[in-house]
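Novice: Residues per chain, in single letters:
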Amino acid sequence: MSSATETSQNPAMADEGPITRFFRATEIDTRMLGMVAALLVIWAGFDIYSGMLRPNEGLFGGSFLTPRNLWTLTVQTSSIAIMSTGMVLLIVMRQLDLSVGSMLSTIAVATGVLQVFWLGPSLGVGNEWIWIIAVLFALVLGALIGAFNGFLTAYAGIPAFIVTLGGLIAYSGIAWALIRGETVAPMDKTFKLIGGNGPLASIGPFWSWMLAFAACALLVMGLINGRRQRQRVNFPQRPIWAETFLAACGGIAILGITAVVNSYPWPPKVIETYAKENGIVIPAGIEDRAGNAICMAGEAVVRCANGLVYYTGYAIPVLICLAVGFVMSFVASRTRFGRYVYAAGGNPEAAELSGINTRWLTMKVFMLMGVLVAISAIVTSARLDAATNSLGQFNELYVIAAVVIGGTALAGGVGTIYGAMLGALLMQSLQSGMTLLNFESAYKDMVVGAVLVTAVFVDQVYRRRVK
Amino acid sequence: MKKFATAILAGVAMSLSLANVAHAEGKTIAVSWKTFQEERWKTDEAAIKAVVEAAGDKYISTDAQGSAQKQAADIEGLIAQNVDVILVVAFDNNAILPSIQKINDAGLKAIAYDVQFEDPNALYITFDNVGVGRLMAKTMLEKGKTEGNFAFIKGDKGDPNATFLFNGIMEVLKENIDAGKIKNVCETFTDGWKPDAAQKNMEQCLTANNNDIDAVISENDGMAGGVVAALDAQGLAGSVPVTGQDGDKAALNRVALGTQLVSVWKDSRVLGKMAGEAAVALANGTAIDALPGVGKFSDGAKGVEMNAILIAPNPITKDNLNDVIDGGWISKAEACAGVAAGSVAACN
Chain A
132 MSSATETSQN PAMADEGPIT RFFRATEIDT RMLGMVAALL VIWAGFDIYS GMLRPNEGLF
192 GGSFLTPRNL WTLTVQTSSI AIMSTGMVLL IVMRQLDLSV GSMLSTIAVA TGVLQVFWLG
252 PSLGVGNEWI WIIAVLFALV LGALIGAFNG FLTAYAGIPA FIVTLGGLIA YSGIAWALIR
312 GETVAPMDKT FKLIGGNGPL ASIGPFWSWM LAFAACALLV MGLINGRRQR QRVNFPQRPI
372 WAETFLAACG GIAILGITAV VNSYPWPPKV IETYAKENGI VIPAGIEDRA GNAICMAGEA
432 VVRCANGLVY YTGYAIPVLI CLAVGFVMSF VASRTRFGRY VYAAGGNPEA AELSGINTRW
492 LTMKVFMLMG VLVAISAIVT SARLDAATNS LGQFNELYVI AAVVIGGTAL AGGVGTIYGA
552 MLGALLMQSL QSGMTLLNFE SAYKDMVVGA VLVTAVFVDQ VYRRRVK
Chain B
667 MKKFATAILA GVAMSLSLAN VAHAEGKTIA VSWKTFQEER WKTDEAAIKA VVEAAGDKYI
727 STDAQGSAQK QAADIEGLIA QNVDVILVVA FDNNAILPSI QKINDAGLKA IAYDVQFEDP
787 NALYITFDNV GVGRLMAKTM LEKGKTEGNF AFIKGDKGDP NATFLFNGIM EVLKENIDAG
847 KIKNVCETFT DGWKPDAAQK NMEQCLTANN NDIDAVISEN DGMAGGVVAA LDAQGLAGSV
907 PVTGQDGDKA ALNRVALGTQ LVSVWKDSRV LGKMAGEAAV ALANGTAIDA LPGVGKFSDG
967 AKGVEMNAIL IAPNPITKDN LNDVIDGGWI SKAEACAGVA AGSVAACN
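Chains A and B, in that order, give the protein sequences.
Heads up: the first sequence at position 179 corresponds to 310 in this note's numbering, and the numbers run straight through without jumps.
Heads up: the second sequence at position 48 corresponds to 714 in this note's numbering, and the numbers run straight through without jumps.
Do not take every clue at face value.
Unchecked claim - With a Cα cut of at most 20 Å, we get these calculated SDA-like pairs of lysine to any residue:
| id | chain 1 | residue 1 | chain 2 | residue 2 |
| --- | --- | --- | --- | --- |
| 1 | A | K320 | B | A1003 |
| 2 | A | K400 | B | A1003 |
| 3 | B | K708 | A | M183 |
| 4 | B | K804 | B | D780 |
| 5 | B | K849 | A | V589 |
| 6 | A | K320 | B | Q747 |
| 7 | B | K849 | A | N569 |
| 8 | A | K575 | B | A1003 |
| 9 | B | K693 | B | A712 |
| 10 | A | K575 | B | A1006 |
| 11 | B | K823 | A | V579 |
| 12 | B | K849 | A | L184 |
| 13 | A | K407 | B | K708 |
| 14 | B | K724 | B | N760 |
| 15 | A | K400 | B | N875 |
| 16 | A | K400 | B | T829 |
| 17 | A | K320 | B | G924 |
Unchecked claim - Short, incomplete list of chain A residues facing chain B, as computed with Cβ under 8 Å:
| id | residue |
| --- | --- |
| 18 | I150 |
| 19 | T151 |
| 20 | R152 |
| 21 | N200 |
| 22 | L201 |
| 23 | T466 |
| 24 | F525 |
| 25 | T566 |
Hints in this document: simulated from the structure, not taken from any laboratory.
The beta carbon of each residue, even a glycine, is placed where N, CA and C say it ideally should be.
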């Protein structure tokens, strides 16, 4: 490795301030850093405020920055976050899908009907094939609806806005007609776990740590691999200290988040039921109302400091969401398909002229969107343990808002997957936090709307400055 | 064309004479429906028809197909046919008033069925909608909890019903709230009455209160589903009573399973039956204010005082689950899916 290729020693940059030099060397997306900072400020604000109303064990004495609330927050975010990853690619391609909410309800209801009215009676309730068939069915149905939207847009030449606006109305009709507005419940037992409703639908601390270590290893390998690649094509490299700094920050973030989700104890009632069902003996102990464990005080089951306790770890839908985010980021930045999407969004004519089959590409992106909606449909209906036609209503608005807050330009060509996912987390944080504080829902709507517009405004100012 | 018109006239004359024949045998009860496209009215019609025909009277009906003009013409036609009582499901409760005046002028009786129009001579028959909220709260106090931390999951903020329900609920709970027995720890509207939104709201409510929630008043069954899912995640489903309304099948199953306390049920067959009975009685000369269950009602937009029969909805709990099963609203298998043997009488 020759030190002449290291960016920090490039003489043209010698007169930069230390902060600019730092960001240039580490190649950190300052926009993303701004979003993370905003998120942390909002979180701290909610925690402090909720602590003033009712002291709790949060970081600043409230109930927002507790493992429990953060765990719930991640589960609540996952459905919108999953869909936002697909919407990024669509908007980058100068397309839009307004029908995701109605698609979600159609897929959820159809899958619910399949498992409750068809598979349940024919295979026997609780058969382990039910959830597999249901999931595959949902994914295929999602791909088909997406293909239909994509075909009308790409080959029939109808603007995506119109196609999916029609879909928004029509698919919600299908969802209603399928079951005439009734509720389909309950879902298959295994299928239900995908929703992450409750601690039993998570992987536990051991596997959470294993996954965290694997993610850290992956991060380091990625950095090393990236460095090798740059070396090979004689591209400027980050200085070693910057690489180390990135690895350390990433590692600390991964391990920190894992530590948080691993410190959310099962609710006492859930431990009690689990112990009874599995014949686990609850140890005797002294009552302590603030404790997380349970023990026997005479005949009664009470909370105590030392006793039987389990911790949750990552919830299954959160893992699905993270996996989707990882795969989609990879697809967007490392595959030919992804590069074509950005190329076609940046300049459709040039992309077309350079030999990219933009129609087929558009159709593929819509299909991908459909599959992602199907994943969200599975997660949402599994979490509610029921499917109704109102599921997914207004979701298109939240998904698009998340994408826009995440820095995707509606003009196309620009946008990141992780930005959209952070956008989804930010929106859900606002909503959950305000519900936690018992805000009136009219004010909640006002705040969320204002944040959306402010985020785009700040983004534009930022982009102008950078230029 | 002329022949055709004659044929029609002949037909009309014949049907009129037929109506007169029927009149000679018994009374004729007519219904002017606002639209027959909604499925529910068919249930109402079957119930009304059954009562009327059992009394030896004749049932006829017209369908206004969602048009105020057609409904006015329909009613004129019915008056011409010399019926005794006309039940009106008004499409437009103001535009209908001249037609009602015509009914009165002809010396016939008008009944406002389910939809109110404000005419002091008519009878108004409907479900006690404000009562649904009261009934939820009453059932909670009688069969659920009388004190502790209460959570209120309200419907969509744009829907006036969400607030009406809440007022009814608060009316009943007020005494215990003022006495400090009941504490309102969370109260939230739910976008579009959506179950998944209710689930999130309930999760936040549980987090804010460290699971210290004793009862949940949810304004309908769909949202109750979300609430129960949130409670289930904390191992609290079944130990925290939850209310609802609509008689949703999934909710009735939850009532049987014990995870939901009550689903307030508005059975349109009961409404139809009561209206049929009132119509038959009026046709036989009973005075309006002498009908069973009749009272004064003046909560309409113009405050006109009317005689009204307000039917109390049926709060379905574990104890009277039989009502929905025997009534054919839900099959026993659907209501009792997953219920442990011997835990609910209706499921044995």
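Novice: Please go over all the hints and tell whether each is borne out by the structure.
Specialist: Each hint tested on the structure:
no. : hint             : verdict
1   : A:K320 x B:A1003 : holds, 14 Å
2   : A:K400 x B:A1003 : violated, 24 Å
3   : B:K708 x A:M183  : violated, 56 Å
4   : B:K804 x B:D780  : violated, 24 Å
5   : B:K849 x A:V589  : violated, 42 Å
6   : A:K320 x B:Q747  : violated, 61 Å
7   : B:K849 x A:N569  : holds, 14 Å
8   : A:K575 x B:A1003 : violated, 39 Å
9   : B:K693 x B:A712  : holds, 18 Å
10  : A:K575 x B:A1006 : violated, 42 Å
11  : B:K823 x A:V579  : holds, 16 Å
12  : B:K849 x A:L184  : holds, 15 Å
13  : A:K407 x B:K708  : violated, 50 Å
14  : B:K724 x B:N760  : violated, 29 Å
15  : A:K400 x B:N875  : holds, 16 Å
16  : A:K400 x B:T829  : violated, 34 Å
17  : A:K320 x B:G924  : holds, 19 Å
18  : I150             : violated, 38 Å
19  : T151             : violated, 41 Å
20  : R152             : violated, 43 Å
21  : N200             : holds, 5 Å
22  : L201             : violated, 10 Å
23  : T466             : violated, 33 Å
24  : F525             : holds, 7 Å
25  : T566             : holds, 4 Å
In summary, the numbered hints that this structure violates are 2, 3, 4, 5, 6, 8, 10, 13, 14, 16, 18, 19, 20, 22, 23.
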